[in-house]
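J.: Chain by chain, the residues run as shown.
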Amino acid sequence: MNNFPLPIAAAPAGLPIDDVLFVVVPYVVLALFFVMTIWRYVKDKFSYSSFSSQFLENQHQFWGSVPWHYGILALVAGHLIGFLFPREVLWWNAVPARLYIMETGALIFGVTALVGLVNLIIRRAINERIRAVTSRMDVLILVLLLLQVLSGLYVALFTRWGTSWFAGVLSPYLWSLFTLRPDASAVALLPWSIKLHILGAYAIFGVFPFTRLVHVLVVPNHYLWRRAQVVMWNVRKNSTGGGK
Amino acid sequence: MNVRSQISMVFHLDKCIGCHTCSVACKNIWTDRKGTEYMWFNNVETKPGTGYPTQWEDQGKYHGGWEVSGDKLRLRSTGKGRIVTNIFHNPHLPTMDDYYEPWTYKYEDLFNAPAGTDQPTAMPISKVTGKYIDIKAGPNWDDDLGGSPIYAANDPNLSGLGEEQRQQLQALERLVLFYFPRICNHCLNPACVASCPSGALYKRGEDGIVLINQKRCRAWRSCVAACPYKKTYYNWSTGKSEKCLLCYPRLETGQAPACFHSCVGRIRYLGVLLYDADRIAEIAKLPADKLVEAQREIILDPNDPNVIAEARRCGVHESVIESAQKSPVYKFVKVWKIALPPHIEYRTLPMLFYVPPLLPVLGQTDNNVYENGQDVAAIFHPFDQQRVPMKYLANLFACGDEGKIRYVLRKLMAVRAFKRAATVGDIPMATALQALSQADSSDSEAEDIYRMTALPTFAQRFVIPPMHREEAIEAFKDPQDHKREVGFGFTASPKRGL
Ligand code: SF4
Ligand code: SF4
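If you read the sequences in order, they're chains A and B.
Just so we're aligned: the first sequence equals residues 5 to 248 in our numbering.
Just so we're aligned: the second sequence equals residues 1277 to 1774 in our numbering.
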């Protein structure tokens, strides 16, 4: 053999592992997500619920549920903005002061979510009544969420500046998936912690339809606009009246 | 005018014997499943007492019902704006500890315990966790404890009573209690419906029954906090709220609800009221002292030709109008005016009315001998010394207005005097008639009240309109098509999650 270094092309045949993880997996997950949530909604609406356990335990629930939801909602919104408006995010981050504001904000919400989640996990573990209403899926989803928040915080702290490279690297990758021209080459070069975070997200989306997380899909936004009272007629068209 | 019909109820408290047959009948049909063990769609409380859930009438604690702010009506708990922040943790949600943790006993220990010197015992175990529990309280824990310092003394209705009146309630030789059976009031302005973010709760247009769509409920818990009567309950197992459904499957087939049907004291009446739905929003905002009258006012006279014409125009079925004309509830509430709504100051406009109790057995002491009043003054005399202070009843049924209670009790008392004069004869008839006229009544009305109170038949107590639910569908659709679309309805078992 000559002294040439081995070319990449001589790598093992078949799909490179990165392509499997970052191209095949997301499509499988997405398909699963849509098919299963819709199937569950059509076939078994009764099972759609947030399964609140506040009725069984009230105080600890506050310190878990409230910080968790505020934290995670802000983070999801942040990710969404990075995905939808990468250019604007990069423009904003071009000024260091603005970048710091963005990063600190993200970190604060991350820590808030973590505090909430840890409280929820402790509550579920120590309270007898809550244990009685805990399913295997609840445990699984809590573990996945915890890993996700931890890996997210790790990424935020040690691979700076996430808000920028998300817009620069991950957003194009995600767009490539959604526009059916998958290209995972940039992702393949990312450090393992970020890869873990991405895979964690896919795992959560994958189990989503089978857990109580489906309550996210049925948040009651129309309440803000509907009339207070609901009157239903057997045959007449639905109408409202009374109240204010 | 927007005429609607409502299936309404009257409970005659003088007749309730506190047997709880109603509660058990209901439980056996509707709430004997996992997650519902603690729910009592029908419960019977001892008054004075703290009730179920504990002190439910204390809205400072529970924040149920509506309040007027400015010229608007708003929910005291989580209304529109506040749902956004309160959905993750509802600050006004009662917890299981406000009701009680349901339990059973480990009966198998009675059979399986190894031979020993002691009798084996069946230890209580929680129906939630399955672990041993130390029972501190249960539903109806204060049954018959009228004078108790932990229960009766903490009744929220005692507010506004003077020290002397409180003492009066506690004095051993005067101890008094009465029973207060409660179901959902199927209100005209239901706080539960208005608070549900999912729109899972609704009032049925044709009969006014308030229901929760189990497929739309997502456990946001708002209705539990918003109902001031605490008559929606959260099923901790299925993650859905449930409530009294007035046994609508029974009603639709012409049977009385189970609690009505089984009532031993025959205290319950059910019938249709016609009302003007256009005026709900306006009257629900009135000052508290006007509410009782205003609610009576929007209940319409089913014999008035104008009302009948309007009802027809609004699509109220002929048979429902007929049924409204025979309604015992209409007589109690509107004609005789002796039935009052419970805590109408919560502004949900409850459609269950109570005849306040005429306690205790009529009489006054002279020389420590109980005698019947011989003159009119004596017939009405006992009110101010009656063992349940008038103010207490007024707090329960008339927003604190003693006059309204006095009106009812005078009438009830005069009816008694009249019947006593007629049957026993130790009260002069002239005196009785005079008492009746002073109580805004007449001999014929007294006879009617007497008949409806003491001798009513099943069919007179429960005037159930034909509900036309099948017929109405058939009018618009081929029944075969309809059947194919809906199948037999919702037949999956109510299990938790997937
Ligand atoms: S009593 Fe409570 S649950 Fe029943 S209709 Fe009124 S507000 Fe709703
Ligand atoms: S069954 Fe009738 S008499 Fe007995 S407790 Fe219930 S309401 Fe009262």
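Warning: the hint list may mix true and false statements.
Here are the simulated BS3-like cross-link-like pairs (lysine-lysine), alpha carbons at most 27 Å apart as the crow flies [to be verified]:
id: 1; chain 1: A; residue 1: Lys49; chain 2: B; residue 2: Lys1607
id: 2; chain 1: A; residue 1: Lys49; chain 2: B; residue 2: Lys1491
id: 3; chain 1: A; residue 1: Lys47; chain 2: B; residue 2: Lys1337
id: 4; chain 1: B; residue 1: Lys1310; chain 2: A; residue 2: Lys49
id: 5; chain 1: A; residue 1: Lys47; chain 2: B; residue 2: Lys1491
Chain A is nowhere near these chain B residues, computed Cβ spacing over 10 Å in every case [stated by the list, open to error]:
id: 6; residue: His1296
id: 7; residue: Gln1395
id: 8; residue: Pro1400
id: 9; residue: Gly1406
id: 10; residue: Glu1482
id: 11; residue: Ala1654
No wet-lab data here; the hints were simulated from the structure.
Just so it is clear, the structure is predicted and the values come from calculations on it, not from any experiment.
All residues carry an ideal CB built from backbone N, CA and C; glycine is no exception.
J.: Against each hint, give a clear statement of whether it holds in the structure.
T.: How the hints compare with the structure:
no.	hint	in the structure
1	A:Lys49 to B:Lys1607	44 Å, violated
2	A:Lys49 to B:Lys1491	5 Å, holds
3	A:Lys47 to B:Lys1337	40 Å, violated
4	B:Lys1310 to A:Lys49	19 Å, holds
5	A:Lys47 to B:Lys1491	11 Å, holds
6	His1296	25 Å, holds
7	Gln1395	29 Å, holds
8	Pro1400	15 Å, holds
9	Gly1406	7 Å, violated
10	Glu1482	6 Å, violated
11	Ala1654	47 Å, holds
Going down the numbered hints, you'll see the structure goes against 1, 3, 9 and 10, while the others check out.
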